[in-house]
Amino acid sequence: MIPDLRSNFNANFTPHSYQDLLDAILLRNGVSTPFRIAETPIFLPLPLLQSIAESGATLTRRLLDSPSYLAQAAQSIPAGFRVANQDSHPHFLTADFALVRDSSGNLSPRLVEMQAFPSLYGFQAALAESYAHTFQLNLPTFLSGLNRDTYFQLLRRTILGTHSPENVILTEVDPTHQKTLPDFLVTSRELGIPVIDITHLVPVGRKLHYRNATGQLVPIHRIYNRAIADEIIARGIQLPFDLEAPWDVEWAGHPNWYFLISKFAIPHLWQPGQPASDVIPPAVFLTDFLAGPGAQRLADAGVPLPAPGDPAAVYSNLLLKPLFSFAGKGIQFDPSHADLLAIPPADRGNYLLQQRMSFLPTIETPYGITQAEIRILYLWPDGGELTPVIPLIRLGRGKMMGVDHNRDLLWVGASAAFWLP
Numbered sequence: 001m002i003p004d005l006r007s008n009f010n011a012n013f014t015p016h017s018y019q020d021l022l023d024a025i026l027l028r029n030g031v032s033t034p035f036r037i038a039e040t041p042i043f044l045p046l047p048l049l050q051s052i053a054e055s056g057a058t059l060t061r062r063l064l065d066s067p068s069y070l071a072q073a074a075q076s077i078p079a080g081f082r083v084a085n086q087d088s089h090p091h092f093l094t095a096d097f098a099l100v101r102d103s104s105g106n107l108s109p110r111l112v113e114m115q116a117f118p119s120l121y122g123f124q125a126a127l128a129e130s131y132a133h134t135f136q137l138n139l140p141t142f143l144s145g146l147n148r149d150t151y152f153q154l155l156r157r158t159i160l161g162t163h164s165p166e167n168v169i170l171t172e173v174d175p176t177h178q179k180t181l182p183d184f185l186v187t188s189r190e191l192g193i194p195v196i197d198i199t200h201l202v203p204v205g206r207k208l209h210y211r212n213a214t215g216q217l218v219p220i221h222r223i224y225n226r227a228i229a230d231e232i233i234a235r236g237i238q239l240p241f242d243l244e245a246p247w248d249v250e251w252a253g254h255p256n257w258y259f260l261i262s263k264f265a266i267p268h269l270w271q272p273g274q275p276a277s278d279v280i281p282p283a284v285f286l287t288d289f290l291a292g293p294g295a296q297r298l299a300d301a302g303v304p305l306p307a308p309g310d311p312a313a314v315y316s317n318l319l320l321k322p323l324f325s326f327a328g329k330g331i332q333f334d335p336s337h338a339d340l341l342a343i344p345p346a347d348r349g350n351y352l353l354q355q356r357m358s359f360l361p362t363i364e365t366p367y368g369i370t371q372a373e374i375r376i377l378y379l380w381p382d383g384g385e386l387t388p389v390i391p392l393i394r395l396g397r398g399k400m401m402g403v404d405h406n407r408d409l410l411w412v413g414a415s416a417a418f419w420l421p
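If you're matching positions, the sequence shown starts at 1 in the working numbering and goes up one per residue.
Think of the hints as simulated: they come from the structure by calculation, not from any bench.
One or more of the hints may lead you astray.
Restraint ranges, calculated between C-beta atoms of paired labels, are given here [claimed, not checked]:
{"#": "1", "residue 1": "Asp310", "residue 2": "Leu26", "range": "49 to 57 angstroms"}
{"#": "2", "residue 1": "Met357", "residue 2": "Ala245", "range": "41 to 49 angstroms"}
{"#": "3", "residue 1": "Pro3", "residue 2": "Ser316", "range": "27 to 35 angstroms"}
{"#": "4", "residue 1": "Gln274", "residue 2": "Ala245", "range": "37 to 45 angstroms"}
{"#": "5", "residue 1": "Ala301", "residue 2": "Gln86", "range": "31 to 39 angstroms"}
Virtual Cβ for every residue (Gly too), placed ideally from N, Cα, C.
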């Protein structure tokens, strides 16, 4: 979207340079990347990035300033996952945005979803560094006045708090077989913390421990949590400790925030007239839609819907989304009325219907104009402020923007954003 940078990059690109990029990423990560890396970064105007980042921060503050919302959201946490000692704010936040044409024909961001859960903070910095090195891009990628050194200082402060690295762990379900392993390895190297399978934690009294390389038990003072509740549930994993017990441990990324700021928040945030509501596509809970008021709210907002009561209706302008899935799992395009009714009544509260957006293709490539999803990564250390730190980009030409949904295409996949100072 900065034409000179875009055209110069495309003109100088070669297949050999793409292989150099992959080699650079492998060198920095220490392991091959199990998802597709796009051939190109994108180039964005800084004011656009800043506007997007501020929208995500504004929406987050609205949620945190609403005790009634937080109380309602807390009821969505499944039994067995209501973890004690919740912090007053999340340490991590991601906000995903699409770029669309607004009613005036201008380029405008629209919120796809928010999640108070860690993303690829280590990998994304390494990816941007690899693009910059391979293609000799002397352009910034970090936000809020950060550079590489101060970025990792802030990440270290957020994850470690006041503790020694040996007493802080990154924990995940079966981490060596996760697609996010490259991120784990970068984070472990930069911060000096071990990566431990959550099923290997050892409870002793009120403390949790892990075994180091020599088999000794080491007390855990703080957990950088990457384990997702829905994966633990889906796999039927029995943890070796009671997650809800009041353990003598701090959380960097308290598990409750995964539920409190998620797609569950979107219908609550869609309140015309409230700050940043203009970036939110209309959305309602499935239960409200089927009961009638939700469908009326969408219709009043100008969302085209089939005639009410049509059992053969197909909602081509809506997406059906499970509230607590990750990486786009379970999203259904063009849901039919029969599809909605097929969801058991007891489960309907875990879904929303959101107006389907048309991502605006903005990235010129040799294979046609490509769409970009812009994710802003935020850090919020103890005693600090909510800070946008780096953009993460997904390029795609299909219905879904995730890297798993564009694996057979070229000039799509995981990418980075640079901006013109």
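Hint check results:
| no. | hint | result |
| --- | --- | --- |
| 1 | Asp310 with Leu26: 49 to 57 angstroms | 53 angstroms, holds |
| 2 | Met357 with Ala245: 41 to 49 angstroms | 42 angstroms, holds |
| 3 | Pro3 with Ser316: 27 to 35 angstroms | 34 angstroms, holds |
| 4 | Gln274 with Ala245: 37 to 45 angstroms | 38 angstroms, holds |
| 5 | Ala301 with Gln86: 31 to 39 angstroms | 34 angstroms, holds |
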